[in-house]
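Quick mapping for you: the protein sequence lines, in order, are chains A and B.
The opening residue of the first sequence carries number 40 in the working numbering; numbering runs sequentially from there.
The opening residue of the second sequence carries number 19 in the working numbering; numbering runs sequentially from there.
Source of the hints: derived by calculation from the structure; they are not laboratory data.
Using N, Cα and C, we set each Cβ at its ideal position, and we do this for glycine too.
Possibly wrong hints are sitting among the right ones.
SDA-like cross-link-like pairs, simulated, lysine to any residue; straight-line CA separation at most 25 Å [as the list claims (entries may be wrong)]:
no. : chain 1 : residue 1 : chain 2 : residue 2
1   : A       : Lys96     : B       : Gly122
2   : A       : Lys96     : B       : Glu49
3   : A       : Lys96     : B       : Ser88
4   : A       : Lys48     : B       : Asp100
5   : B       : Lys21     : A       : Glu139
6   : A       : Lys48     : B       : Asn110
7   : A       : Lys96     : B       : Glu84
8   : A       : Lys48     : B       : Ser46
9   : A       : Lys48     : B       : Lys21
10  : A       : Lys96     : B       : Asn48
11  : B       : Lys70     : B       : Ser88
12  : A       : Lys48     : B       : Pro25
13  : B       : Lys70     : A       : Ser134
14  : A       : Lys96     : B       : Ser79
15  : B       : Lys21     : B       : Lys70
16  : A       : Lys96     : B       : Lys70
17  : A       : Lys96     : B       : Asn110
Derived coverage of chain A by chain B (criterion: at least 3 residues anywhere in the stretch with Cβ under 8 Å from a Cβ of chain B; other residues may be distant) [what the hints assert, rightly or not]:
no. : region
18  : 78 to 87
19  : 127 to 134
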Amino acid sequence: DSGVTQTPKHLITATGQRVTLRCSPRSGDLSVYWYQQSLDQGLQFLIQYYNGEERAKGNILERFSAQQFPDLHSELNLSSLELGDSALYFCASSSRRGNEQYFGPGTRLTVT
Amino acid sequence: DAKTTQPPSMDCAEGRAANLPCNHSTISGNEYVYWYRQIHSQGPQYIIHGLKNNETNEMASLIITEDRKSSTLILPHATLRDTAVYYCIVSNAGGTSYGKLTFGQGTILTVHP
Numbered sequence: 040d041s042g043v044t045q046t047p048k049h050l051i052t053a054t055g056q057r058v059t060l061r062c063s064p065r066s067g068d069l070s071v072y073w074y075q076q077s078l079d080q081g082l083q084f085l086i087q088y089y090n091g092e093e094r095a096k097g098n099i100l101e102r103f104s105a106q107q108f109p110d111l112h113s114e115l116n117l118s119s120l121e122l123g124d125s126a127l128y129f130c131a132s133s134s135r136r137g138n139e140q141y142f143g144p145g146t147r148l149t150v151t
Numbered sequence: 019d020a021k022t023t024q025p026p027s028m029d030c031a032e033g034r035a036a037n038l039p040c041n042h043s044t045i046s047g048n049e050y051v052y053w054y055r056q057i058h059s060q061g062p063q064y065i066i067h068g069l070k071n072n073e074t075n076e077m078a079s080l081i082i083t084e085d086r087k088s089s090t091l092i093l094p095h096a097t098l099r100d101t102a103v104y105y106c107i108v109s110n111a112g113g114t115s116y117g118k119l120t121f122g123q124g125t126i127l128t129v130h131p
């Protein structure tokens, strides 16, 4: 158990819909990272927040957005969903910038 | 971040040491070598990292060559539960990339009885 929690574990929704994935980092960790893992693209970094501020962006689509709240939990919002957005979405946290990252169990999103 | 090259797959007998190589010939002076693994579709698990000295923890040892262009992750006594995809990642920890991890294809390690 990494100490990082993600909800929900599974999500099935239709194309065009919007979903929110939630992540609670390990106690005391200020950085939260989001990654997407699909069969054809592998594990890809999406975005990082550090103590409520966006710090780095990767291959995140404009239809996707994220935020980190004052209690340090984070949400990843995915809108106008397409079939290709079906993937595992992982959240990770670290205690300070650049330190080792601890991953949650992931949310499996299926878009039908 | 520097690119890494790993063999796509390796086998290891249970109880034996598993030595997973990684080439990172373009690594720069302030980049660390990280190793993670992913068992089935679980979240990746941090194993170990190092800059230039060899490192050891309760899970594994990391050997980095003197020129830092390659490294080897050693699992001293592999078990069936070590079957996973192992990722070698070079990251500018604390630098401009702010700790993001760039995953490659990794090495599928299969430990057999």
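Here is what the structure says about each hint:
Taking the CA atoms of A:Lys96 and B:Gly122, the gap is near 18 Å; set against the 25 Å cutoff, the hint holds. Of the supplied pair hints, the one linking A:Lys96 and B:Glu49 holds, its CA atoms being roughly 19 Å apart against a limit of 25 Å. Pair hint A:Lys96 plus B:Ser88 does not hold up; C-alpha atoms about 28 Å apart against a cutoff of 25 Å. Taken as a hint, the A:Lys48 and B:Asp100 pair is honoured in the structure, with Cα atoms around 24 Å apart against an allowance of 25 Å.
For the given pair, B:Lys21 sits about 18 Å from A:Glu139 by alpha-carbon distance, which is consistent with the 25 Å threshold. At roughly 31 Å between alpha-carbon atoms, A:Lys48 and B:Asn110 are farther apart than 25 Å, so this suggested pair is violated. Between the alpha carbons of A:Lys96 and B:Glu84 the distance comes to roughly 33 Å, so the proposed pair goes past 25 Å and is violated. A threshold of 25 Å between alpha carbons decides the hint, and for A:Lys48 with B:Ser46 the separation of about 38 Å lies outside it, so the pair is violated.
For a cut-off of 25 Å, the pair hint linking A:Lys48 to B:Lys21 is broken: about 32 Å separates their Cα positions. Under the criterion of a C-alpha separation no larger than 25 Å, the hint pairing A:Lys96 with B:Asn48 is consistent with the structure, at around 21 Å. Taking the CA atoms of B:Lys70 and B:Ser88, the gap is about 10 Å. The hint holds against a cut of 25 Å. Taking the CA atoms of A:Lys48 and B:Pro25, the gap is near 32 Å; set against the 25 Å cutoff, the hint is violated.
Only pairs whose Cα atoms come within 25 Å are accepted, and B:Lys70 paired with A:Ser134 is accepted, the gap being roughly 22 Å. Between A:Lys96 and B:Ser79 the CA atoms are separated by roughly 32 Å; this puts the pair beyond 25 Å, and the hint is violated. With a CA separation close to 17 Å, the supplied pair B:Lys21 and B:Lys70 stays within the 25 Å bound. Among the hinted pairs, A:Lys96 with B:Lys70 is inconsistent with the structure: their alpha-carbon atoms are about 28 Å apart, more than 25 Å.
Between A:Lys96 and B:Asn110 the alpha-carbon distance is near 15 Å, which keeps this suggested pair within the 25 Å criterion. With a cut-off of 8 Å between beta carbons, the region 78 to 87 of chain A has 5 residues touching chain B; three or more are needed, and the interface restraint holds. Counting residues of the region 127 to 134 of chain A whose beta carbon lies closer than 8 Å to any beta carbon of chain B gives 4, which meets the minimum of three for the stated coverage.
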